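Engineer: If you're matching them up, the sequences are chains A and B in order. The numbers in numbering that gives the first Met the number 0 rise by one with no breaks, and the one at position 10 of the first sequence is 9. The numbers in numbering that gives the first Met the number 0 rise by one with no breaks, and the one at position 182 of the second sequence is 181.
Read the hints as simulated data drawn from the structure, not as lab findings. Do not rely on the hints blindly, as some may be mistaken.
Anything over 10 Å on all C-beta distances counts as not near chain B; from chain A, calculated [said to hold, decoys possible]: (1) Gln22; (2) Val32; (3) Glu61; (4) Pro88.
Looking from chain B toward chain A, a few residues come up when the C-beta cut is under 8 Å (computed) [claimed, not checked]: (5) Gly28; (6) Arg31; (7) Trp32; (8) Pro35; (9) Arg39; (10) Thr61; (11) Arg62; (12) Leu69; (13) Ala70; (14) Glu101; (15) Gln146; (16) Ala148; (17) His152.
As the structure is a computational prediction, the values presented were derived from the model and not from experiment. We treat Cβ as the ideally placed atom computed from N, Cα and C, and that holds for glycine.
Residues per chain are reported as follows:
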Amino acid sequence: MQLDASLDEIVLFDLPSKYFAEQLLLSTLSERVAWLQIGDEASIVGVLLAPDSLDLARLLREVQDWLESSALLALRFELDGRMYVLEAPLPVLAYA
Amino acid sequence: MSGIHEVGGDLHNALEDVSVPTYLVDRTGIIRWINPAAERLFGNVVGRLNTSVVAPEETRRTRETFARKLAGTEKVTDTEVVLIDAAGDRVRVEISAVALIEDHRFVGVFGQLSDVEREAVQAPPPHLTPRQVEVLRLLQRGASTEQMAQELHLSTQTVRNHIRHLMSALGVHTRLEAVAVASGAHVA
Numbered sequence: 000m001q002l003d004a005s006l007d008e009i010v011l012f013d014l015p016s017k018y019f020a021e022q023l024l025l026s027t028l029s030e031r032v033a034w035l036q037i038g039d040e041a042s043i044v045g046v047l048l049a050p051d052s053l054d055l056a057r058l059l060r061e062v063q064d065w066l067e068s069s070a071l072l073a074l075r076f077e078l079d080g081r082m083y084v085l086e087a088p089l090p091v092l093a094y095a
Numbered sequence: 000m001s002g003i004h005e006v007g008g009d010l011h012n013a014l015e016d017v018s019v020p021t022y023l024v025d026r027t028g029i030i031r032w033i034n035p036a037a038e039r040l041f042g043n044v045v046g047r048l049n050t051s052v053v054a055p056e057e058t059r060r061t062r063e064t065f066a067r068k069l070a071g072t073e074k075v076t077d078t079e080v081v082l083i084d085a086a087g088d089r090v091r092v093e094i095s096a097v098a099l100i101e102d103h104r105f106v107g108v109f110g111q112l113s114d115v116e117r118e119a120v121q122a123p124p125p126h127l128t129p130r131q132v133e134v135l136r137l138l139q140r141g142a143s144t145e146q147m148a149q150e151l152h153l154s155t156q157t158v159r160n161h162i163r164h165l166m167s168a169l170g171v172h173t174r175l176e177a178v179a180v181a182s183g184a185h186v187a
């Protein structure tokens with residue numbers, strides 16, 4: 000199935016810091032076309048979706064697993080100019 | 000907290016009437032509610048992203064701060080931020096914001112503004128990067144390298160690198176000169 004050409008094929012994840020952005024890139028997204036946003040927006044990670052209608056779901060599952068292993072509760076991501084929230088599978092910690 | 004329930008009263012109406020600009024942002028970063036004091040300052044910005052009312056060089060820091068609350072690594076923040084008011088002027092404010100939690104889930108951010116400097120704040124030199132602007136603002140406040148590292152969530156070495164690049168971009172050799180040049184003073 001082809002992706003809708005009107006939709007964006009880039010997902011942007013907002014991370015709490017550059018450290019977490021680098022961790023996400025290195026540990027989870029190393030097999031994908033992914034990058035730290037250029038300039039000073041170093042805590043934002045961009046990911047190019049594969050031309051496969053299931054790739055977004057796959058990507059979100061991968062990042063959700065990383066959230067859990069990183070003890071983060073949730074991340075915000077941007078797709079098609081809209082903001083969404085991806086939560087860890089279960090609440091994993093209280094605020095420090 | 001129990002004292003609030005004991006006293007009773009209409010807290011919602013109190014937030015509407017209080018003269019401190021107050022806002023509520025949902026979990027995706029959309030402004031969902033502002034009180035009249037905030038509306039007088041920024042106009043009706045309900046329905047817009049929170050980053051839409053911050054100065055361009057503050058966007059990255061605003062996103063990071065929001066991301067830390069969403070991720071659960073920081074519940075409360077007190078930060079100085081430059082915002083854009085309804086007239087398009089830059090205003091410097093102190094924002095105290097707290098993550099709103101329900102059933103262990105982040106549902107949004109509640110914040111209040113104080114120390115609103117209504118006079119126009121000078122825009123930073125346009126060729127500086129957002130990070131350099133942040134460092135410059137902290138230098139202007141007299142922050143030490145360690146304080147900047149803590150505020151920006153960076154190592155002290157990285158902060159020193161940013162300061163060095165900032166001074167290079169401004170064509171100066173000391174932190175004091177950087178502050179003076181950014182403030183419009185002529186440095187001989």
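Engineer: State for each hint whether it applies.
Structural biologist: Checked hints:
no. : hint   : in the structure
1   : Gln22  : 12 Å, holds
2   : Val32  : 22 Å, holds
3   : Glu61  : 17 Å, holds
4   : Pro88  : 13 Å, holds
5   : Gly28  : 6 Å, holds
6   : Arg31  : 13 Å, violated
7   : Trp32  : 17 Å, violated
8   : Pro35  : 27 Å, violated
9   : Arg39  : 27 Å, violated
10  : Thr61  : 10 Å, violated
11  : Arg62  : 5 Å, holds
12  : Leu69  : 5 Å, holds
13  : Ala70  : 4 Å, holds
14  : Glu101 : 11 Å, violated
15  : Gln146 : 17 Å, violated
16  : Ala148 : 12 Å, violated
17  : His152 : 5 Å, holds
The structure does not agree with the numbered hints 6, 7, 8, 9, 10, 14, 15 and 16 stated previously, though it agrees with the rest.
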